[in-house]
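Colleague: Letter by letter, the chains look like this.
There are 2 protein chains.
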Amino acid sequence: MKWDELKTEPCSVARTLSVIGEKWTILILRECFRKNTRFDGFEAALGLPRAVLSARLKTLQEDGVLEKKINPEHAGRFDYILTKKGRDLRPVLLTMLAWGDQYMMDKPTMIVKHTLCGCDIVPELYCPKCQNKLEAEETRVVEVTQSSPL
Amino acid sequence: MKWDELKTEPCSVARTLSVIGEKWTILILRECFRKNTRFDGFEAALGLPRAVLSARLKTLQEDGVLEKKINPEHAGRFDYILTKKGRDLRPVLLTMLAWGDQYMMDKPTMIVKHTLCGCDIVPELYCPKCQNKLEAEETRVVEVTQSSPL
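Order-wise, the sequence lines are chains F and B. Quick note: the first sequence, position 82, residue 82 per our numbering, numbers continuous. Quick note: the second sequence, position 20, residue 20 per our numbering, numbers continuous.
Derived from the structure by calculation, the hints contain no laboratory data. It is possible that some hints are incorrect.
For identical chains, the list gives no copy identity; a pair is met inside one copy or between any two copies.
Listed below are the simulated PhoX-like cross-link pairs for lysine-lysine, each with C-alpha atoms no more than 20 Å apart in a straight line [to be verified]:
#1 LYS85 with LYS107
#2 LYS133 with LYS85
#3 LYS133 with LYS35
#4 LYS2 with LYS23
#5 LYS23 with LYS107
#6 LYS23 with LYS133
#7 LYS69 with LYS23
#8 LYS68 with LYS107
#9 LYS133 with LYS84
#10 LYS58 with LYS84
#11 LYS113 with LYS129
#12 LYS107 with LYS7
#13 LYS133 with LYS113
#14 LYS129 with LYS2
#15 LYS133 with LYS58
#16 LYS107 with LYS35
#17 LYS58 with LYS7
#18 LYS7 with LYS129
#19 LYS7 with LYS85
#20 LYS84 with LYS2
#21 LYS23 with LYS7
Since we're looking at a predicted model, the values are computed, not measured.
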């Protein structure tokens with residue numbers, strides 16, 4: 001396996017990493033979810049080198065995660081907007097946030113609000129079949145070609 | 001923000017990335033969840049340079065995600081075992097897997113089985129308060145110091 005060839009690996013985790021696995025990419029997506037949509041805004045929030053930011057944005061567009069759109073209110077300005085494919089990465093960031101809150105923070109600095117019910121929550125994975133919370137040891141990932149727990 | 005200083009950022013996502021954000025780390029964890037526990041096994045499965053693998057394993061131990069244990073059946077062999085903190089990263093990998101299955105694969109190559117109910121599932125995030133599935137647009141992340149949707 002080569003890092004630059006993850007996109008063709010027969011593993012969904014590896015292929016996802018081919019899109020979001022480079023340094024800074026997830027933090028750029030975090031900014032997009034925060035409605036920070038401009039190159040200068042990303043640079044100000046993250047402080048990464050402009051060449052790296054430019055490369056990451058190019059890849060995210062090529063992968064269909066972001067769209068670059070002309071800002072209708074400011075001629076010559078562009079916004080980087082999450083596509084449906086990009087917005088669907090939210091659960092990845094939310095699970096990272098929950099883990100970081102639990103293990104990397106003295107106290108949470110961010111609160112997740114569920115707008116449907118209005119509550120502050122810690123998002124959890126559940127089973128859409130039996131409706132129970134997915135406990136850590138209760139999932140097995142079985143490859144189609146071989147048995148392999150994850 | 002500097003990549004090497006993510007651990008002190010006031011953001012749980014950034015701090016999580018300080019542990020799992022380097023290239024290969026999540027794939028090493030994937031192997032651990034598959035019960036692949038040995039240095040040579042990681043090298044064979046992933047094909048990454050030994051120096052990189054060694055550095056990643058060292059960091060994962062320092063961060064309390066993996067423990068290096070003597071293999072009781074083979075003198076001189078070591079196993080890298082997920083701690084509770086490490087096993088709790090499973091939701092991050094499962095959400096990546098679900099996204100990759102949806103967007104990066106013609107057909108899923110891995111099936112997630114919920115051992116509690118025996119069903120093949122796509123794990124989903126839900127709200128532990130109102131018990132509803134968390135739809136993409138129904139969460140807002142509010143920083144304690146300022147309002148900021150994620």
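Colleague: Among all the numbered hints in the text so far, which are the ones the structure does not match?
Modeller: 3, 5, 6, 7, 8, 14, 15, 16, 18, 20
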